[in-house]
Every structure is written in C-alpha cells, then in structure tokens.
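Colleague: The chain contents come next:
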Amino acid sequence: MNEMTIHRESLATVDFEKVKKRQRMGSFFKGILFLLPSIVLFSVFLFYPMVRTIYLSFFLTDNSGVPTVFVGLDNFTNIFSSPIFQQSLQSTILFVLYTVPGAILISLFLAVIANEKLRGIGIFRTMFSSTMGISVAAASVFWMFLFHPTMGWLNQLLQVVGLDGIGWLTDPKWALLSVSISTVWMNIGFTFLILLGGLQSIDSYLYESADIDGAGYFYKLRRITIPMLSPTLFFVVTVTLINAFQTFGQIDMLTRGGPQNETNLIVYSIYQEAFMNYQYGTASAQAIILFLIILVITIVQFKLGERKVHYQ
Amino acid sequence: MKQVELMDVSKAYEKQQYVLDEINLSIEEGEFFVLVGPSGSGKSTLLRMIAGLEDITDGTLKINDKVVNHLPPKDRNLSMVFQNYALYPHLTVEQNILFGLNAKKVNKKEQQKRLKETAEMMGLRNYLKRKPKQLSGGQRQRVALARSVVSESPLCLMDEPLSNLDAKLRAHMRIEIRRLQKRLGLTMVYVTHDQVEAMTMGDRIMVLDNGKIQQVGEPITLYNEPANLFVASFIGSPKMNMGNAAIIDQKLVIEGVLKIPVDPADVATLTKNNGLTVGIRAEHIFQGTSENTTHELEVINVEQLGNETLLTFEIGKELWTAKWLGQWRVDVGDKVPVHISTKNISFFDTESGQLMKPASIINEQEVVAI
Ligand SMILES: Nc1ncnc2c1ncn2[C@@H]1O[C@H](COP(=O)(O)OP(=O)(O)OP(=O)(O)O)[C@@H](O)[C@H]1O
Ligand SMILES: [Mg+2]
Numbered sequence: 055m056n057e058m059t060i061h062r063e064s065l066a067t068v069d070f071e072k073v074k075k076r077q078r079m080g081s082f083f084k085g086i087l088f089l090l091p092s093i094v095l096f097s098v099f100l101f102y103p104m105v106r107t108i109y110l111s112f113f114l115t116d117n118s119g120v121p122t123v124f125v126g127l128d129n130f131t132n133i134f135s136s137p138i139f140q141q142s143l144q145s146t147i148l149f150v151l152y153t154v155p156g157a158i159l160i161s162l163f164l165a166v167i168a169n170e171k172l173r174g175i176g177i178f179r180t181m182f183s184s185t186m187g188i189s190v191a192a193a194s195v196f197w198m199f200l201f202h203p204t205m206g207w208l209n210q211l212l213q214v215v216g217l218d219g220i221g222w223l224t225d226p227k228w229a230l231l232s233v234s235i236s237t238v239w240m241n242i243g244f245t246f247l248i249l250l251g252g253l254q255s256i257d258s259y260l261y262e263s264a265d266i267d268g269a270g271y272f273y274k275l276r277r278i279t280i281p282m283l284s285p286t287l288f289f290v291v292t293v294t295l296i297n298a299f300q301t302f303g304q305i306d307m308l309t310r311g312g313p314q315n316e317t318n319l320i321v322y323s324i325y326q327e328a329f330m331n332y333q334y335g336t337a338s339a340q341a342i343i344l345f346l347i348i349l350v351i352t353i354v355q356f357k358l359g360e361r362k363v364h365y366q
Numbered sequence: 019m020k021q022v023e024l025m026d027v028s029k030a031y032e033k034q035q036y037v038l039d040e041i042n043l044s045i046e047e048g049e050f051f052v053l054v055g056p057s058g059s060g061k062s063t064l065l066r067m068i069a070g071l072e073d074i075t076d077g078t079l080k081i082n083d084k085v086v087n088h089l090p091p092k093d094r095n096l097s098m099v100f101q102n103y104a105l106y107p108h109l110t111v112e113q114n115i116l117f118g119l120n121a122k123k124v125n126k127k128e129q130q131k132r133l134k135e136t137a138e139m140m141g142l143r144n145y146l147k148r149k150p151k152q153l154s155g156g157q158r159q160r161v162a163l164a165r166s167v168v169s170e171s172p173l174c175l176m177d178e179p180l181s182n183l184d185a186k187l188r189a190h191m192r193i194e195i196r197r198l199q200k201r202l203g204l205t206m207v208y209v210t211h212d213q214v215e216a217m218t219m220g221d222r223i224m225v226l227d228n229g230k231i232q233q234v235g236e237p238i239t240l241y242n243e244p245a246n247l248f249v250a251s252f253i254g255s256p257k258m259n260m261g262n263a264a265i266i267d268q269k270l271v272i273e274g275v276l277k278i279p280v281d282p283a284d285v286a287t288l289t290k291n292n293g294l295t296v297g298i299r300a301e302h303i304f305q306g307t308s309e310n311t312t313h314e315l316e317v318i319n320v321e322q323l324g325n326e327t328l329l330t331f332e333i334g335k336e337l338w339t340a341k342w343l344g345q346w347r348v349d350v351g352d353k354v355p356v357h358i359s360t361k362n363i364s365f366f367d368t369e370s371g372q373l374m375k376p377a378s379i380i381n382e383q384e385v386v387a388i
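Listed in order, the protein sequences are those of chains A and B.
If you count by this note's numbering, then the first sequence holds residues 55 to 366, one letter each, in order.
If you count by this note's numbering, then the second sequence holds residues 19 to 388, one letter each, in order.
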C-alpha cells in the first residue's frame with residue numbers, strides 16, 4: 055500500500071520531456087564518440103586538403119607551395135583558355151568513353167558465361183578475376199612489353215599476318231587507345247567479380263519458372279538477368295566512371311602524357327603542373343574542375359539511374 | 019490416355035540416399051491427381067522431376083506416351099505453380115502473368131483477353147499494376163496461380179498453391195481451381211500436405227512418405243481402407259483412433275482396457291501375427307443407447323464445433339476422439355455411454371503396419387446412393 059502511493063507520486067512528478075531529452079543527448083554523444091576516429095581521419099586527410107585546395111586555387115604560389123599573390127579567378131580563366139588543358143579535357147573524356155563501356159561490356163559477357171554451372175568453371179572464374187590482384191605498376195610493365203615496337207608480341211603478331219608494326223605508345227593516333235586497352239584489361243577483374251556476384255544472387259527459381267514458361271536464352275537474359283542485375287550494374291558504372299576520371303598510374307608508366315600530350319589526362323596534368331612546374335595554384339584549380347565534373351556526372355547518373363534501376 | 023507415366027522413377031541428390039524410391043504411377047488425361055505427404059517426403063522433388071527441373075536418377079518418365087527424360091522444361095508443354103511462388107520481383111503483376119505468353123509470342127489481343135479472364139477469376143483486377151513486394155502473401159500466391167492458369171497448358175503442376183490463403187479464400191480457390199480444371203479438361207498434379215485439400219479436390223490421391231508410395235486410390239478408398247497405419251493416421255480429421263490390441267478369450271482387448279467381443283470367424287486371421295493394432299474412425303464411436311451401450315468412458319476434453327461435438331477419452335495411454343453429430347452438453351469428467359463394434363474397426367499388423375482387415379460395416383451403413 056505504502057509503496058503504491060510512492061510509486062504514483064513519482065509518476066506524477068517525472069517530467070517525460072526532460073528525461074527524453076537527456077536520453078537523446080546521451081545517445082548523441084555516444085554516436086559522436088563512435089564516429090570520432092573517422093571524423094578525425096577524414097578531417098586530416100580529406101576535408102583539410104579539400105579546403106586547402108580551394109584556397110590555393112585563388113593564388114599563385116612559390117615552388118614550395120606557399121601562396122604568394124592572390125589572383126582571384128585568374129587561374130580558372132587561364133586554364134580554360136589554355137589549349138593544353140582543352141586537349142587534356144578532351145583526352146580524358148575520350149578515355150572515359152573508351153574504358154567504361156569497354157570494361158563493363160566485356161566483364162558482363164565474361165560474367166554471364168562464367169555463371170553457367172559447368173565442370174571446371176572455377177578455373178575460368180579465377181582467370182577472369184585475376185587482374186584484380188595485379189597492381190597498376192605490374193600491369194603497366196606487362197603491357198609495356200606487349201606494346202614494345204620491335205620485341206612486343208603485338209607487333210610481332212602483326213608482322214606474322216603481314217602488316218606493318220604500330221607505334222602503340224608513340225604514335226599520337228594510337229597512344230590513347232593503347233592506354234585505354236590496357237586499362238580495360240586492368241579493370242576487368244574487379245568489374246567481373248562484382249557482376250558475377252550480382253548474377254549469383256539472382257534466385258534460380260526465376261529461371262526455372264521462365265524455363266517452364268518456354269522462354270529462350272536471350273529472352274531470359276533481357277527480361278530477367280539484366281533487370282535483376284541493374285543495381286549491381288549501376289554500382290559498377292559509377293565506380294568505374296569515377297576511377298576512369300582519376301586514372302594516373304598507367305599514364306605515368308606507359309606514356310608520361312605523351313606523345314604530343316595525347317594521353318595527358320587531367321590527373322596527370324595536375325601532377326605535372328604541381329610537381330614538375332611547381333604551379334600549385336593552377337594545379338589546384340584543375341583539381342577543382344575535375345572534382346566538379348565528377349560530381350555533376352555522378353549526380354546526373356543517380357537521377358537517371360533511379361528510374362531504371364530495380365532494387366529488391 | 020495416360021498423360022503422365024512414371025516407371026521405377028528414383029531420385030538421389032548427389033549420390034546420397036534415395037529421396038524418391040522406385041515410384042510407379044500413371045496419371046490419366048483430365049485427372050485431378052493429388053500428391054500428399056508430410057514435409058520432406060519428396061512431393062516437390064517428384065513434381066520438379068515431372069516438370070524437368072530436376073534430373074531423373076533412375077527410371078523412365080513418359081508424358082503423352084513419349085519418353086521425356088531428356089527433354090528440357092519448355093518442350094514438355096506444362097505449367098507450374100512453385101511452392102515459393104517464384105514471381106519476378108521487377109515486373110508488375112500484369113507483366114508477371116503475361117511473361118510466358120510473351121515468351122511464346124502469343125498475339126497481344128489474345129493475351130489481353132486471357133489476362134482479363136484470369137485476373138477476374140483470381141480476384142487480382144485491382145493489383146495488376148503493382149509489384150510483387152507490394153502484395154500480401156496470399157495475393158502473391160494468386161499471382162503465381164494466375165501465371166500458370168493463363169498459359170492454358172494441358173498439364174498443370176501445382177506445389178501447395180493454397181498454403182498461404184485464409185480459410186475462406188482457400189475454400190473458394192479450391193472450388194475455382196477444380197472448376198477450371200474440369201472446364202479446360204486439364205490434367206492436374208497437385209501437391210499439398212493438407213489432407214482435407216487432398217480429400218476434397220482429388221480424383222485420386224497418392225500418399226507419399228519418405229520417398230515411398232504408401233497408397234494410391236480414390237479419396238473414399240483411402241479413407242475407408244487405408245493400406246497401412248501411416249495412411250490411416252494421415253488421412254481423415256480428426257485422425258483415426260489407434261491402439262495396441264490382443265485377442266484374449268475370444269475377446270479383443272485394446273490397450274488392456276477396452277474389451278470387445280469378436281466374431282469367432284475372424285479370430286484365426288487376427289491371431290496369426292503377434293502384434294495387432296486397431297484403428298477406428300472418430301465418427302464410429304457412437305453414443306450408446308440403453309440397448310447397445312458397450313462401454314462407459316470418462317470424458318477428458320470436449321470440443322464444440324457447432325454442428326458436431328468432439329469428445330476425447332483416455333484409452334490406456336492413447337487419446338481417442340469421438341465425433342458426435344449435433345450439440346452435446348457434456349462436461350469434462352462425465353462418464354458417457356458409447357457403442358463400439360468390431361465391425362467398425364480396422365486391423366493392422368503392428369510390425370509391418372499393413373492392413374489386415376478393413377472395417378466391414380462402412381459400406382452397408384453409410385454409402386448413400388443417389
Ligand atoms: N537440392 C537438394 N539437395 C539435397 N537434398 C534435397 C534437395 N532438395 C530436396 N532435398 C531433400 O529431399 C527430400 C524431399 O524434399 P522435397 O522438397 O521434395 O519435400 P516436400 O515433400 O516437398 O516437403 P514440403 O512439404 O516441406 O515442401 C528432403 O529430405 C530434402 O531434404
Ligand atoms: Mg515441397
């Protein structure tokens with residue numbers, strides 16, 4: 055009896071709002087605590103450099119990177135009137151157009167055939183995904199040998215069929231294509247693996263049901279496989295697109311931006327501007343332009359993709 | 019004509035033990051054939067083998083008198099409702115239903131006509147534009163049914179197509195499926211683990227347990243003359259009352275408690291085996307009148323079903339149920355007079371479980387000819 059009254063009293067005096075607020079604050083602090091490591095890391099290695107880059111893009115710098123003269127938007131106007139940058143922009147866009155559809159179509163094809171349940175299919179799956187485990191540097195060396203004007207297998211092959219050798223990496227007409235081919239090869243491993251994973255998560259009942267309905271191979275591919283794979287495809291397209299815009303390693307190894315700046319992709323051009331010419335201001339401005347391009351393309355992609363992609 | 023014929027068909031997954039063992043079966047054209055059995059007995063496997071989704075380990079499968087062991091599903095001209103529906107999640111209900119017709123390039127006008135009919139029948143008209151994940155379990159099941167019905171294939175395989183519907187809708191769909199099957203003259207192979215569904219829908223029933231056929235026959239035959247203890251306990255609701263028995267002094271003694279006089283003529287056959295199990299249907303434990311009461315039993319549970327009353331008694335360590343027509347005001351603990359006769363009792367060999375002698379009186383008493 056006594057306890058009952060006490061209990062009731064305390065119920066009346068408790069301020070629910072206050073307690074709730076305290077609980078919310080508590081969980082907020084706990085959340086921040088958990089996030090702290092990432093926040094610190096991101097701040098040091100991402101947010102600070104980004105802000106710094108934006109800051110630098112409005113200045114001219116001396117060759118140790120210290121801003122000297124404030125020039126406002128001059129860096130940007132200079133870049134856009136520079137034929138070298140325009141060339142670089144054009145090369146980058148061409149490079150993206152070659153490598154993204156190339157890598158995805160080839161990996162999709164490989165993933166579809168590697169998804170069949172056949173004896174020894176594991177060997178092929180391992181083979182197709184193996185380039186994922188090869189570093190850009192190693193892959194570039196490998197392709198350098200293939201592309202070698204006299205000793206390279208590609209030219210030897212051409213000679214066997216009676217054609218003239220091609221200056222794969224030295225001919226301005228071919229250089230960008232050659233680099234693209236090697237890039238596609240390097241990207242296949244990753245894209246293949248992701249797409250194969252996507253294919254395997256499609257419920258086999260759907261195919262059985264379609265079999266009974268009398269659907270042919272290509273009908274199933276078009277009506278079931280591709281739509282069910284669309285979220286994975288979307289992911290892969292986004293990632294490879296961003297990767298393609300940021301390509302650096304193989305350019306540095308294979309062509310160093312040459313011949314005649316044909317393969318001077320934006321990231322390589324930034325690198326040259328900053329660390330060869332010590333123009334940190336212009337380099338920063340280019341970096342910001344690249345960032346905006348990727349941002350816009352990704353946003354557009356998400357807007358378009360939303361309607362086409364089927365999520366489970 | 020025989021639509022489906024299985025000859026010594028066996029199935030083993032990955033060289034392990036047999037999931038189905040030497041199944042011999044033929045299903046006539048236009049027949050409603052029900053496959054029933056407990057979970058894991060191999061019903062789905064058998065159906066999938068007929069559909070061509072599962073390899074046949076041993077034996078021959080014929081459809082329309084042609085061996086089809088090697089044919090892919092699409093050349094067998096059949097439709098199927100999957101146990102887990104297998105709806106295409108990215109397509110709307112309409113696209114799901116028309117998927118097969120599109121694949122077979124049926125013309126658009128015909129497609130729309132069939133779609134309309136089927137959607138009407140399945141009560142899906144308002145859901146045609148929805149995706150499967152926006153439907154309830156029962157609605158999805160109806161889409162799966164519609165997809166099979168719309169194809170109008172002569173052979174239709176259904177794997178528990180009504181398991182997710184509520185009682186009322188289930189009763190309705192049972193009739194719809196049955197009517198449709200009769201109207202289109204479909205041959206139906208229908209899997210269920212619900213014995214009521216099996217009894218009410220099937221022209222013939224096959225009871226499967228552990229990959230072996232227990233009995234094939236008409237529902238009434240299975241009910242009246244179950245071939246073994248498994249079928250006896252599986253078919254019928256409430257299930258058949260069972261008990262160990264022995265013949266002592268010309269009397270049948272059940273569970274050491276109930277003593278019932280036996281016809282001396284039967285004693286010889288019944289004492290041949292050492293183990294004897296008896297079974298009696300709930301409706302054959304009658305309420306005793308002043309002349310014919312054989313036993314007084316204590317009621318330990320009463321279930322009022324409205325039109326009938328279920329009374330439970332304790333017979334030794336077994337629980338027996340009696341089903342009496344009408345509403346009986348009986349309380350737990352009451353002793354009620356009952357009439358039990360050997361004429362209603364089926365006798366089984368305990369060891370093999372095989373039927374020795376079916377109940378003899380059923381035919382005289384209950385079959386009403388019209
Ligand atoms: N792919 C498989 N690999 C190995 N064993 C399997 C496979 N599919 C089914 N089985 C086994 O085969 C047996 C029969 O399975 P099946 O699916 O035919 O049962 P069912 O009668 O349809 O049961 P339920 O009423 O639960 O659907 C089960 O013991 C199951 O474990
Ligand atoms: Mg099953």
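FYI, nobody ran anything at the bench for these hints, they're computed from the structure.
Some clues are possibly wrong.
As the list claims (entries may be wrong) - If you only want the chain A side, here are some residues facing chain B, beta carbon under 8 Å, derived: (1) VAL125; (2) ASP128; (3) PHE130; (4) LEU253; (5) TYR259; (6) GLU262; (7) SER263; (8) GLY268; (9) ALA269; (10) LEU275; (11) ILE278; (12) GLY359; (13) GLU360; (14) HIS364.
Said to hold, decoys possible - Below, in silico cross-link-like pairs of lysine-lysine (BS3-like), each with a Cα-Cα straight-line distance of 30 Å or less: (15) B:LYS375 <-> A:LYS362; (16) B:LYS127 <-> A:LYS274; (17) A:LYS362 <-> B:LYS361; (18) A:LYS357 <-> B:LYS149; (19) A:LYS362 <-> B:LYS269; (20) B:LYS123 <-> B:LYS269; (21) A:LYS274 <-> B:LYS375; (22) A:LYS274 <-> B:LYS149; (23) B:LYS269 <-> B:LYS361; (24) B:LYS147 <-> A:LYS357; (25) B:LYS123 <-> A:LYS357; (26) B:LYS134 <-> A:LYS274; (27) A:LYS274 <-> B:LYS361.
A virtual CB, placed ideally from N, CA and C, is assigned to each residue, including glycine.
Colleague: Each hint should be assessed against the structure and marked as holding or not.
Modeller: Structure-based check of all given hints:
no.: 1; hint: VAL125; verdict: violated, 53 Å
no.: 2; hint: ASP128; verdict: violated, 52 Å
no.: 3; hint: PHE130; verdict: violated, 45 Å
no.: 4; hint: LEU253; verdict: violated, 15 Å
no.: 5; hint: TYR259; verdict: holds, 4 Å
no.: 6; hint: GLU262; verdict: holds, 5 Å
no.: 7; hint: SER263; verdict: holds, 4 Å
no.: 8; hint: GLY268; verdict: holds, 4 Å
no.: 9; hint: ALA269; verdict: holds, 4 Å
no.: 10; hint: LEU275; verdict: violated, 12 Å
no.: 11; hint: ILE278; verdict: holds, 7 Å
no.: 12; hint: GLY359; verdict: violated, 14 Å
no.: 13; hint: GLU360; verdict: violated, 14 Å
no.: 14; hint: HIS364; verdict: holds, 4 Å
no.: 15; hint: B:LYS375 <-> A:LYS362; verdict: violated, 67 Å
no.: 16; hint: B:LYS127 <-> A:LYS274; verdict: holds, 23 Å
no.: 17; hint: A:LYS362 <-> B:LYS361; verdict: violated, 71 Å
no.: 18; hint: A:LYS357 <-> B:LYS149; verdict: holds, 22 Å
no.: 19; hint: A:LYS362 <-> B:LYS269; verdict: violated, 79 Å
no.: 20; hint: B:LYS123 <-> B:LYS269; verdict: violated, 71 Å
no.: 21; hint: A:LYS274 <-> B:LYS375; verdict: violated, 56 Å
no.: 22; hint: A:LYS274 <-> B:LYS149; verdict: holds, 19 Å
no.: 23; hint: B:LYS269 <-> B:LYS361; verdict: holds, 14 Å
no.: 24; hint: B:LYS147 <-> A:LYS357; verdict: holds, 23 Å
no.: 25; hint: B:LYS123 <-> A:LYS357; verdict: violated, 34 Å
no.: 26; hint: B:LYS134 <-> A:LYS274; verdict: holds, 25 Å
no.: 27; hint: A:LYS274 <-> B:LYS361; verdict: violated, 61 Å
When the structure is compared with the earlier hints, violations turn up for hints 1, 2, 3, 4, 10, 12, 13, 15, 17, 19, 20, 21, 25 and 27 and for no others.
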